[in-house]
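Protein sequence lines, in the order shown, are assigned to chains V and X.
The first sequence begins at 595 in this note's numbering and counts up by one.
The second sequence begins at 12 in this note's numbering and counts up by one.
It is possible that some hints are incorrect.
Under the rule of at most 27 Å between Cα atoms (straight-line distance), these lysine-lysine pairs were calculated in the BS3-like manner [claimed, not checked]:
no.: 1; chain 1: V; residue 1: Lys699; chain 2: X; residue 2: Lys340
no.: 2; chain 1: X; residue 1: Lys340; chain 2: X; residue 2: Lys402
no.: 3; chain 1: X; residue 1: Lys207; chain 2: X; residue 2: Lys195
no.: 4; chain 1: X; residue 1: Lys202; chain 2: X; residue 2: Lys351
no.: 5; chain 1: X; residue 1: Lys97; chain 2: X; residue 2: Lys377
no.: 6; chain 1: X; residue 1: Lys105; chain 2: V; residue 2: Lys699
no.: 7; chain 1: X; residue 1: Lys402; chain 2: X; residue 2: Lys365
no.: 8; chain 1: X; residue 1: Lys195; chain 2: X; residue 2: Lys365
no.: 9; chain 1: V; residue 1: Lys1035; chain 2: X; residue 2: Lys207
no.: 10; chain 1: V; residue 1: Lys805; chain 2: V; residue 2: Lys766
no.: 11; chain 1: V; residue 1: Lys1035; chain 2: V; residue 2: Lys993
no.: 12; chain 1: X; residue 1: Lys324; chain 2: X; residue 2: Lys402
no.: 13; chain 1: X; residue 1: Lys351; chain 2: X; residue 2: Lys340
no.: 14; chain 1: V; residue 1: Lys699; chain 2: X; residue 2: Lys365
no.: 15; chain 1: X; residue 1: Lys324; chain 2: X; residue 2: Lys377
no.: 16; chain 1: X; residue 1: Lys105; chain 2: V; residue 2: Lys754
no.: 17; chain 1: X; residue 1: Lys394; chain 2: X; residue 2: Lys377
no.: 18; chain 1: X; residue 1: Lys202; chain 2: X; residue 2: Lys365
no.: 19; chain 1: V; residue 1: Lys699; chain 2: X; residue 2: Lys377
no.: 20; chain 1: X; residue 1: Lys324; chain 2: V; residue 2: Lys699
no.: 21; chain 1: V; residue 1: Lys1035; chain 2: X; residue 2: Lys394
no.: 22; chain 1: V; residue 1: Lys766; chain 2: V; residue 2: Lys797
no.: 23; chain 1: V; residue 1: Lys699; chain 2: X; residue 2: Lys351
no.: 24; chain 1: X; residue 1: Lys324; chain 2: X; residue 2: Lys340
no.: 25; chain 1: X; residue 1: Lys105; chain 2: V; residue 2: Lys766
no.: 26; chain 1: V; residue 1: Lys754; chain 2: V; residue 2: Lys805
Here chain X is said to cover these stretches of chain V; the calculated rule only asks that three of the stretch's residues, wherever they fall, bring their Cβ under 8 Å from a Cβ of chain X [unchecked claim]:
no.: 27; segment: 805-814
no.: 28; segment: 943-951
Derived coverage of chain X by chain V (criterion: at least 3 residues anywhere in the stretch with Cβ under 8 Å from a Cβ of chain V; other residues may be distant) [what the hints assert, rightly or not]:
no.: 29; segment: 115-122
no.: 30; segment: 158-166
Hints listed in this document are in silico derivations from the structure and should not be mistaken for laboratory results.
None of the values given here were measured: they were computed from a predicted structure.
Glycine included, C-beta positions come from ideal geometry on N, C-alpha and C.
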Amino acid sequence: MRRRFLSDLALLGLIVAALSACGDGPGTDAGVPPPDPFADPLTRSLLDPGVSTDVRIERILAIGGDGSSGAVHALLRALRDRSQAAFLLAPDEDHELGYRAVEFKKTGDDAYPMERVAAVVALEKTGSYAALPDLLLALDDRNEVVQNHAARALIRLGSKAGIPVLLANLEKRILQNETANQILEDISGEDMGFNPDAGWDLKDRAIRKWKAWWDGLPVSGTRPPLEGRPYQEGSDPVADRRIAFIVDMLGQMQFLYHEQARATLARMGAPALPFLRAGVERARRSGNATTRAGIAHVLAHIDHANSLELLADLLGDAHPTVRSRAAESLGQRGGAVAVRTLSDVLGDPDPAVQLAAVASLGRVGGDDAIAAIRGFDDSADSALAATKTLALFEATGGKEQREAVLGMLLAVDIPTRNAAHLVLARLTGDDAGYDAMAAEKDRERAVRRYRGLLDG
Amino acid sequence: MTTKLIGLLVLVGASTFFVMHVMSPPDGTDGGPGADAQEWEPPGRSYRDPLPFSKSEDCKGCHPDVWSEWYDSHHRIAYTNPEVQKLSTGFQGKGLDCLPCHLSRPMFETGFGVRPLERLTRREDGVDCFTCHYWPEGNAMLTSGPLGGAASQAPCQPAVTPSMASLQLCAPCHNQHKVHEDWKETRFAVKGDGFKDCNDCHMPTVERPNAAGGIRRGRSHRFPAAHDPVVLREAAAVTQSLSARSLFVTVHNSGVGHNLPSDERHRAVDLHLVLDTGDGRPYDVRIERWRNPYRDEFEAVNPLPNPGDAYEKTVTVPELLADVGVRVKRVPAPHRPNRKVWYPASTQIPAGEKRELSITLPDGVKAVTVRLWYRTNPFQPDKDAVLLHEKTLPE
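In isolation and in its complexed conformation, chain X is listed as follows:
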């Protein structure tokens, strides 16, 4: 009953907001976006004219900094990226379903919370300016103003809706992989000083010069995430200690607002040990892999379904004809000690959780190097992966 009441209130509120701030042509009779209407309607064009633009390049003239950020982002190469082309089998067959989020038409066309549709053209632009900012009635939608002054003459007819900052703008694509659901389980989703949403990390505040020679604050359109080594290295904190043959390692999802790696099934985080026996050869062995398996990996199970669970295994180092003994424990996050992972087969590390590994090294190991790798797909070799952490013991 409470849910329905809240739902009704939300519906009424959101609909009213939509009508007041978005649907209605501004009439300049009161506050809000409509206040600037008479000023910002370009002379000679009606408010409902279509945008006089057809591609992101057209935005560059007035917004060169924002455009450059986007141009260097992975949104721009969402379609052309060779790795994406490979993993989606060229967007054919089963990969066809990847297309709407990698070559998206405007989100405002299909609506928040609904999957977008694909556009087929301007493939080199991937997820472009139009995907997020294009309002079909003929405006460039922004999160905030001002809309007066020079902006009132802008040919893109800017309009404002705070819903642009809503997570529901990102969710239709990024929650395909449950990233938003993961976020909701974190301390970052708790209202208060520690609150952070998608925009705080992936669209951080930046300052850019404005046309008048001053500085204007805005949001980065570079979308730092899994392809940014600097951001990646802040994701996990690793500690290690060695006593005789006993190695103790912790991997802590300390810096991510969702699972590590995120619930994009291709991603993988691997803990490796490189064993040094003094013979001059490195013996590299993967001790643990954290990821959400592909749907057809039926054999995959998560041995740590509940916080506090532990399991043991041995990892063979074939070249040494020796085993590494491993005991892994799932240490819950303080803010949510009873957290369960969304997919039972997933071994991802939820935000705030730790994995404690008690490792028994084989006889004869003189030194060990602990490495944590981030791979954008599970088949990625070390040379293409990002090394998040490396430490050799004894020091």
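Pulled out of the complex, with its shape left as it was, chain V reads as follows:
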């Protein structure tokens, strides 16, 4: 009887759920739209379509230096651009981390790059670590000048993630390369003689000097004069909550949100590690394997001993995809520890994890990896044999299985072609003009090109 009652209660719940799902549409509560989280007077004044762009820029710059959470909140909204944001963090006191994700849509207020430059400059003046995730994302802005200023703001927050972006922008057009050079000079205190009005020979010479400076930084141990202290968990409660929320976004439904969260956390580097560790623990408690799998992907990009430790932990995860992604990430990290660990992972009961491990061993290469690949039993799944062939080819630098792999480029099924091409491109650094959809004679040309590169 009690069981029947509970069952009826359950049914009622489902009916209510279904009615709720068939309600008035997205983001509405019984027909009433949720309050606009960016409707506070300060944010509205920065986005006011009733005034000119110049006035909005003046307003944005005027609040630079105000590190209050309200000012930072308004500036982050003004910073947004569809090219680098799928979601915005909207304050929400009902959420334990104090935020909810609001999907960002193009509404016309993202058209003016100078407003975004102003927002970055103002955020830099606030010195607030709460802006760190958003500035990392601004490195993907569709306008290079915004990217350059974000790189500068990030250095003050202890992150060098923007320097490769600045180096790349030196090769872009006037103003883009000019601001990149100016900011590199500000950051480093150096002058490499870059002249945006000079010919490309002279510019190339300066660009090479900048690249040498960047490559030499880890060796010399020099800190750029402008570089601030890297973020540490616990030093800013707002930043802590924002970063933790972004970690949780790795487990949500929208793939665009995953993409944004992954890019942000990967660029954050080592300071993100404690948040990722806590995210794994939260996701284990809640049973969210998607978050853990997302974290495994992020860890491929964080070059720090502690990230290897967390990857090793994820290799023992209950969910096979978390383990397979951890194996992939370990392969991207490389090194002797990775080979030893991945060799053990070849014995995982799930063929998908085996597949990731054997592919990763191929990527890392070396005698121990080759021995492990050779000894691998590929009988558990149809995809394993091809993966083993590709792994052996890659691990031996193209010495073994060459014809088999080149033959895969001519295979009937496109996934096999693509898998072979991926490894060939990685090994040779050349895409050989390969097009998966091209006619066979065109793909034969790619085979000849790869054969030449491998022979050479």
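Please build the complex by placing chain X on the supplied structure of chain V, with the hints as guidance.
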């Protein structure tokens, strides 16, 4: 407050349902799925044994008709489809994020409303039987029974949860592109006689022979949708009339339970005119395109953001050195006259809405053919696209 109360009730109800119908091993003490427990537990195996299957092919022996339907479906080629491989750049780089929905592990593993995870293996099976039916505790989950009789001896240990019919089973993948959000805005989502959900159109009822020689009703696993020309041609109703140089065309999203095309950003619906000037050459010109642009198409704007809006433009026919004058009006759907599209830059036609086009043809046009094309990606040539409508005027 009301929302929270409803939320709490839903949570309690759903959790209870989950525990009662799904999580708990059936004990045969009362009604519901547990009633058949003692019957349907296969001898010699415990209830929580893993399924003795590893691939969809293993389901074929007992379910050949369902298996054949799935085998011919686009779910099966979700990974291997050349078009998908091309558009996802071989599931590498940014395409990596497409993998979990094109080579999915069981939805029950990650849960409803959460994105699934990828499996890497059995790539030829794409979205397979296991994706929807595999319950990690060792059962094949079904929407409904019966579970007694022969089914009680089935090696897949069938169990029932009505949540299998829930839209939340489809949403983790298909709402990546807001298809469910679009559906919620339609008349089909209104409870009553006209109610239709995903299953009604994309898993229609079919009859198949059963093992005893009779007929059993079930749901199609062919998933008719954008790759089925018959279904596509029911999506839009087109009318046209010609008076001297004035052509009037309406395109009505009359048959779709979501936007036309759906909010899969690759899809496009194009209205073309083929002008006949009597010189024996067809002058084919695209008049309008309806689609949700890619995220990096920053220049794309929707000129008709609100129901009732209209805009004018000219379309040049270079070979004729002439312009076609076009005025487009957005006619709202009767059931939701204030509907806004989800993405401001999208020009998709929401369900029930019309686009009225008043077109002024160039001088010298003797006849005009109106064509409506459906393209599964915006780069698709006519030879690969589906012609939804064609009419030549004057008749």
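These are the hints, each one checked on the structure:
| no. | hint | in the structure |
| --- | --- | --- |
| 1 | Lys699(V) <-> Lys340(X) | holds, 24 Å |
| 2 | Lys340(X) <-> Lys402(X) | holds, 21 Å |
| 3 | Lys207(X) <-> Lys195(X) | holds, 11 Å |
| 4 | Lys202(X) <-> Lys351(X) | holds, 21 Å |
| 5 | Lys97(X) <-> Lys377(X) | violated, 41 Å |
| 6 | Lys105(X) <-> Lys699(V) | holds, 20 Å |
| 7 | Lys402(X) <-> Lys365(X) | holds, 18 Å |
| 8 | Lys195(X) <-> Lys365(X) | holds, 18 Å |
| 9 | Lys1035(V) <-> Lys207(X) | violated, 49 Å |
| 10 | Lys805(V) <-> Lys766(V) | holds, 15 Å |
| 11 | Lys1035(V) <-> Lys993(V) | holds, 25 Å |
| 12 | Lys324(X) <-> Lys402(X) | holds, 23 Å |
| 13 | Lys351(X) <-> Lys340(X) | holds, 15 Å |
| 14 | Lys699(V) <-> Lys365(X) | holds, 24 Å |
| 15 | Lys324(X) <-> Lys377(X) | holds, 22 Å |
| 16 | Lys105(X) <-> Lys754(V) | holds, 24 Å |
| 17 | Lys394(X) <-> Lys377(X) | holds, 26 Å |
| 18 | Lys202(X) <-> Lys365(X) | holds, 23 Å |
| 19 | Lys699(V) <-> Lys377(X) | violated, 44 Å |
| 20 | Lys324(X) <-> Lys699(V) | holds, 25 Å |
| 21 | Lys1035(V) <-> Lys394(X) | holds, 22 Å |
| 22 | Lys766(V) <-> Lys797(V) | holds, 11 Å |
| 23 | Lys699(V) <-> Lys351(X) | holds, 13 Å |
| 24 | Lys324(X) <-> Lys340(X) | holds, 12 Å |
| 25 | Lys105(X) <-> Lys766(V) | holds, 23 Å |
| 26 | Lys754(V) <-> Lys805(V) | holds, 14 Å |
| 27 | 805-814 | violated (count 0) |
| 28 | 943-951 | holds (count 4) |
| 29 | 115-122 | holds (count 4) |
| 30 | 158-166 | violated (count 0) |
The structure fails hints 5, 9, 19, 27 and 30 (numbered hints given earlier, in ascending order).
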